[in-house]
Every structure is written in structure tokens, then in C-alpha cells.
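*Asks:* Letter by letter, the chains look like this.
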Amino acid sequence: MNRIDRTFRKLRAQNKKAFIPYVMAGDPSLEKTKETVLLLERSGADIVELGVPFTDPLADGPTIQRAAERALHSGVNLRKVIGLVRDMRPDCQMPLVLMTYYNPVFRYGVEGFVRDAVDAGVDGVIIPDLPPEEAGELLRFTKPGRLATIFLVAPTSTEERIKKIAGASTGFIYYVSMTGITGAKLSLDSSLPESLSALRRITKKPVAVGFGVSTPEEAKAMSESADGVIIGSAIVKRLHESPESLGEYISALRRAI
Amino acid sequence: MPALTELEGVYLKSKTDREFQKELVHLQRTYIGRPTPLYYAKRFTEHLGGAKIYLKREDLAHTGAHKINNALGQALIAKKMGKKRLIAETGAGQHGVATATGAALVGLECEIYMGSVDMKRQALNVFRMRLLGARVTEVSIGSRTLKDAINEALRDWTTNVRSTHYVLGTVFGPHPFPVMVRDFQSVIGREARKQILAAEGKLPGHLIACVGGGSNAIGLFFAFLDDEVRMVGVEAGGRGIESGEHAARFAGGSLGVFQGTKTYLLQDEAGNILGTHSVSAGLDYAAVGPEHPYLKDLGRVEYTYATDEEALSAFELLSRTEGIIPALESAHALAEAVKRAPKLARNEIIVVNLSGRGDKDVHEVAQIKGIEL
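Line by line, the protein sequences give chains A and B. Position 85 (the first sequence) corresponds to 85 in this note's numbering; numbering is contiguous. In this note's numbering, each residue's number is its place in the second sequence (first place is 1) plus 257.
Certain hints may be false.
To be verified - Some chain A residues flagged as far from chain B (calculated, every beta-carbon gap over 10 Å):
hint : residue
1    : R9
2    : Q65
3    : R79
4    : P131
5    : S195
Unchecked claim - When the alpha-carbon atoms are kept at most 30 Å apart in a straight line, the in silico DSS-like pairs for lysine-lysine are as follows:
hint : chain 1 : residue 1 : chain 2 : residue 2
6    : A       : K80       : B       : K600
7    : A       : K164      : B       : K270
8    : A       : K164      : B       : K519
9    : A       : K143      : B       : K451
10   : B       : K600      : B       : K451
11   : A       : K163      : B       : K459
12   : B       : K341      : B       : K459
13   : A       : K185      : B       : K341
14   : A       : K164      : A       : K185
15   : B       : K519      : A       : K163
16   : A       : K164      : B       : K596
17   : A       : K10       : A       : K204
Note that these hints are calculated values from the structure, not bench results. Please read these numbers as outputs of a predicted model, since none were measured by experiment. We put the beta carbon where it would ideally sit given N, CA and C, even for glycine.
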């Protein structure tokens with residue numbers, strides 16, 4: 001059993017929900033990212049998502065795209081992010097998940113990517129532009145328990161597709177809170193609880209909700225019907241604009257979830 | 258994915274839907290002005306002193322380029338799906354104009370995404386789109402050209418997928434777009450094949466078309482794939498391959514996965530997409546439609562490139578010898594004809610796809626020549 005499964009098992013036993021912050025690796029530098037990840041762990045994060053910078057992040061809004069541009073500018077790429085995980089592992093016990101687009105993985109070589117990521121201590125991977133229908137090559141190398149493959153369910157996903165996505169997902173399932181991109185404005189009047197219970201009838205795997213979650217109130221509302229809440233753009237924005245306020249914000253989120 | 262599945266279903270049904278096909282053909286004839294002529298460019302041919310050059314005059318299609326063939330088809334599909342809004346990306350502005358036109362024709366809202374770099378160099382088309390009732394949204398993130406406009410359009414589509422159809426402008430993106438766009442464009446080759454047989458009693462030896470995403474090229478080539486006809490796709494060589502400032506994916510790219518397609522890309526070692534350069538906004542793009550690598554690997558189509566300089570010189574040559582100002586995109590295809598025709602016998606035939614007219618480029622060309630308008 002890998003760290004992600006252990007984390008959700010432990011949280012379920014304690015009737016708690018996972019707090020999953022996202023940071024863009026290398027924004028503004030890998031050293032700073034390491035510091036931030038260790039701070040997040042101390043502040044009670046359960047899993048951290050590390051964004052891998054890519055020139056054309058289709059599923060992301062401007063906050064993450066700009067962070068990716070800064071990281072690319074400082075020379076960060078997939079290989080270096082894997083290196084960062086390796087470098088952090090002695091000090092960091094929580095699960096680390098990479099969020100990357102498919103082309104950097106494809107270019108790296110899927111087999112080599114999985115081997116190096118696992119070897120460095122990466123626990124899972126989220127690839128928003130890789131639907132399970134196209135993930136045959138990745139799934140061939142990521143045996144369950146080795147590297148979790150976390151696929152995304154959208155509000156428009158049909159039952160048939162949800163089954164397929166849930167079947168291919170390991171670690172947890174990423175439920176996208178709305179039709180849209182990361183960092184967009186969330187509308188809480190949505191049918192989220194209903195959609196999540198429909199999802200839960202199909203699968204027993206943990207479900208984390210993300211996209212557009214920014215305030216502790218929103219995080220709390222999301223955590224009521226999910227196993228975890230993912231917060232990305234709001235953290236990335238704060239890290240860039242007012243890093244001194246990050247600690248307090250993280251604590252507020254932790255209390256809310 | 259559900260939107261793509263829905264689109265595929267509606268599109269496949271439309272192919273055998275007699276009412277739909279009747280409306281499409283009727284509008285192609287009465288609205289677009291099809292069939293477009295196949296014109297023997299006598300003085301251009303004589304100037305080059307070799308093979309006979311015919312031009313497939315897509316520049317004479319309504320809105321001035323082949324883009325309308327696809328935009329109109331997809332506007333009808335969108336209407337059939339009950340969508341209220343069309344969105345599209347545009348580089349040179351031709352596809353944006355075509356989509357805005359299609360939206361006006363069938364009565365749908367329209368929003369066009371365009372990189373700020375392209376908005377500047379294609380200001381005329383920006384105004385045309387606005388005249389047609391479309392909202393033009395500036396994309397000022399990333400490289401601020403076509404690829405970023407596609408990213409932004411895909412983001413809009415992800416957000417508004419229930420009400421909106423994304424009219425992708427070329428044979429790119431996730432299935433069914435490459436197939437659907439090809440089918441709407443293949444009218445070019447079907448007509449050209451009939452026309453050349455009527456004019457010359459034989460098929461041409463060569464077909465030449467420029468390749469950005471690759472829709473006008475596939476449109477011309479598709480009807481000839483089973484014939485003994487050589488086909489040449491011409492990419493943008495920009496300032497030359499060694500300069501790194503180009504958009505020649507076959508000459509300088511490698512296999513990758515981008516914007517929902519596995520194809521040839523200009524990318525760095527880490528899989529990031531590289532910036533491109535071409536004098537023509539419509540060819541200034543880091544990837545190529547996936548059917549082109551397939552045709553290349555089969556050995557069916559040959560791919561080459563023309564530099565900015567070669568394209569500009571063909572642009573002027575056609576203007577002076579024929580009284581036809583070609584789009585800078587199409588000028589890349591003409592540049593290949595300029596290289597190839599003199600080496601061929603006078604009884605050989607070349608068909609060049611004149612995919613668009615050059616009015617939109619006049620300002621840009623004047624600027625390059627240092628002339629203030």
C-alpha cells in the first residue's frame with residue numbers, strides 16, 4: 001500500500017478529510033518550493049500536489065499559467081521536479097503527487113518517467129489532458145500501489161465514463177468542481193453534493209474536489225461531501241504576491257477542512 | 258470528452274442526413290460561391306518557363322479563403338446540436354472571419370480568440386469580425402499567437418460546453434475535429450479533380466499546398482490520394498531552419514502530444530512547446546494536423562518549406578504576373594511552384610491551392626518593405 005492509500009485510510013478512520021494544497025514547482029525556485037512544501041507538511045497538509053511547469057497548461061487559468069512561466073524561466077522541467085522530490089524525501093513523509101501535462105511525460109518516455117518518479121518517491125500523477133481512454137501506455141507501467149494514476153471526473157461526465165475513470169484511477173479520484181479551468185470563480189449553488197453522491201454509488205475510492213476553491217468557507221463546504229479538498233490557484237497567487245501571509249492562510253484552510 | 262462524443266455522433270449522422278447535405282450543398286453554391294474556379298495561370302507559367310500551373314481559387318470563396326468551407330459546415334452542425342454560441346481561435350483572422358460569418362448566417366452568438374501579436378498584424382480582419390457581430394477577445398498570455406488562442410478557446414469550451422460549440426479551424430485537436438474538418442474541406446479537391454480533367458483531360462503531376470494546421474492541404478489532397486499524383490505540403494521556413502525561427506514541424510520538430518493530438522511538434526527536450534516564427538500568421542503554429550505525419554510516414558505526401566523571403570517574393574510575382582494578390586500563407590505554396598515548375602517539362606501540370614487572398618496582408622507586406630501606408 002502506498003502513502004496515498006495509507007493517508008486516506010488513516011483519515012477515514014479518524015473521520016477526517018484530506019487537505020491537498022497545490023504549488024507550482026520552481027516558482028520562483030526549487031529551493032523555495034522545497035521550503036514551502038515542508039511548511040505545508042508542518043501546517044497539516046495531508047498530500048501535496050506539485051505542479052510541473054508546461055508552456056501550454058490547457059486546464060489551468062492565468063494564475064497557474066503565469067506561475068508556470070516563472071518556473072520555466074528559472075529552468076525547471078519535469079526531470080528537475082522529480083529531482084526535487086528525491087531531494088525532499090528524507091525530510092518529507094507525506095504523499096507527493098505530480099500534476100503535469102502529457103507531453104513532458106511523453107517526451108521523457110513513459111516507462112522511464114514512471115521508473116524515475118517512483119524511485120524518487122513520487123506517489124501519484126495527475127495528467128489533466130490524458131483521459132483514461134488514451135492512457136494505455138501509462139497504465140501499462142503504473143501497477144496499482146506503485147504510482148497512483150489520478151484521473152479527473154467533470155460535472156459533464158456521463159455514468160459510463162465515470163465508471164471508466166473510476167476504474168482507471170488509483171489513490172483517489174479528482175472531481176472537478178465545475179465546468180471550467182483552475183482558479184475560476186466557484187459557484188457554490190451547484191449540484192455538487194448530488195454529483196458526488198452519484199459518483200460514490202459507482203466507486204468506493206476516495207474522491208477529492210478541486211478547481212476554484214479559494215476561501216476557507218468554500219473549502220469547508222467542499223469537504224462535507226468529499227474525502228479531500230484541493231486548493232491550487234489561491235495558494236499559488238498568495239505565494240507570489242504576499243508570501244508572508246501564506247502560513248496564516250494555510251492554517252485557516254486546515255481548520256476549515 | 259462527452260462533448261467530443263456528442264459531436265462525433267451528430268457529425269457522423271449528418272454525413273448521411275439528406276436534408277443536412279442538401280442544405281450544405283445549397284449554401285456552398287449560393288453563399289460561398291462554389292465551385293471555385295480552377296484557373297490556368299498563363300503568365301505566371303510563362304514567367305517560370307516550365308510546367309503548366311493551375312490555381313485552385315479558394316481566394317474567391319466568400320470571405321476570401323478556404324476557411325469558410327469548414328466554418329459553415331460546423332455552424333450547421335452546431336445549430337443541429339442546439340448550441341447557442343460559436344467560439345473559435347484565429348491566427349491570420351481568416352478562420353475568425355469565416356466563423357463570425359457562419360454565426361451570422363445561422364443566427365448564433367460568436368466569440369473569437371486571437372493572440373495580441375496577431376491582432377496587431379491582422380487589424381483589418383479584427384475589424385471585419387466585429388462588423389460581423391462577433392466579439393474578438395485578445396489573448397495576451399504565452400506567445401500571444403495562434404497556439405495560445407487555441408488554448409484560450411479550449412478553456413472557454415471547457416467552461417461553456419453545454420451552450421457552446423468550438424469551431425476548430427483546422428485539421429487539428431481531438432477527434433473528431435481532424436476528420437470532420439478534412440471532410441468539409443475535401444470539397445476543394447473533389448472540384449479540382451473534375452475541373453482539371455475537364456480542362457486537360459488528365460490528372461496533374463503535382464499538387465502543392467501550404468501547411469499550417471493543414472486543412473487547405475488535406476482539402477486539396479484528399480480526393481487525389483488514390484491517384485498517381487505527387488503531393489507537396491509547404492511549411493513555413495521563417496528565417497530558415499538553422500535560425501530556429503520557423504514553423505517547419507517536419508524539418509525541425511519531433512513527435513509529441515499537444516492540444517488533444519499526437520503529431521509532429523516544435524518542442525524542447527523537456528516537452529515544452531517552442532515559439533514559432535513566420536511572416537504569415539496562419540502558418541505560425543508549433544504543431545501540424547495528425548493526418549499529415551501519417552501521409553508523410555506512408556510516403557504519400559512530401560513536405561518541404563519556404564522561407565519568409567521566398568514567400569514574399571512569390572507574393573509579389575503572382576501579383577505582378579496574374580493580377581492576383583495571394584495570402585502570405587498561399588504564397589508559401591506558390592514559392593514551391595516557383596522552385597519546381599522550371600525543372601519540369603511544359604506538358605506537366607501543377608495545381609497550387611490558392612487558399613486565400615492577400616488583402617489582409619497588404620499592410621504587413623508594406624511594413625516589411627518599409628513603406629508607410
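*Asks:* Confirm or reject each hint.
*Replies:* Hints versus structure:
no. : hint              : result
1   : R9                : holds, 31 Å
2   : Q65               : violated, 6 Å
3   : R79               : violated, 7 Å
4   : P131              : violated, 5 Å
5   : S195              : holds, 14 Å
6   : K80(A) / K600(B)  : violated, 52 Å
7   : K164(A) / K270(B) : holds, 26 Å
8   : K164(A) / K519(B) : holds, 22 Å
9   : K143(A) / K451(B) : violated, 56 Å
10  : K600(B) / K451(B) : holds, 26 Å
11  : K163(A) / K459(B) : violated, 55 Å
12  : K341(B) / K459(B) : violated, 46 Å
13  : K185(A) / K341(B) : holds, 23 Å
14  : K164(A) / K185(A) : holds, 28 Å
15  : K519(B) / K163(A) : holds, 25 Å
16  : K164(A) / K596(B) : violated, 53 Å
17  : K10(A) / K204(A)  : holds, 15 Å
Checked against the numbered hints given earlier, this structure breaks hints 2, 3, 4, 6, 9, 11, 12, 16; the rest are met.
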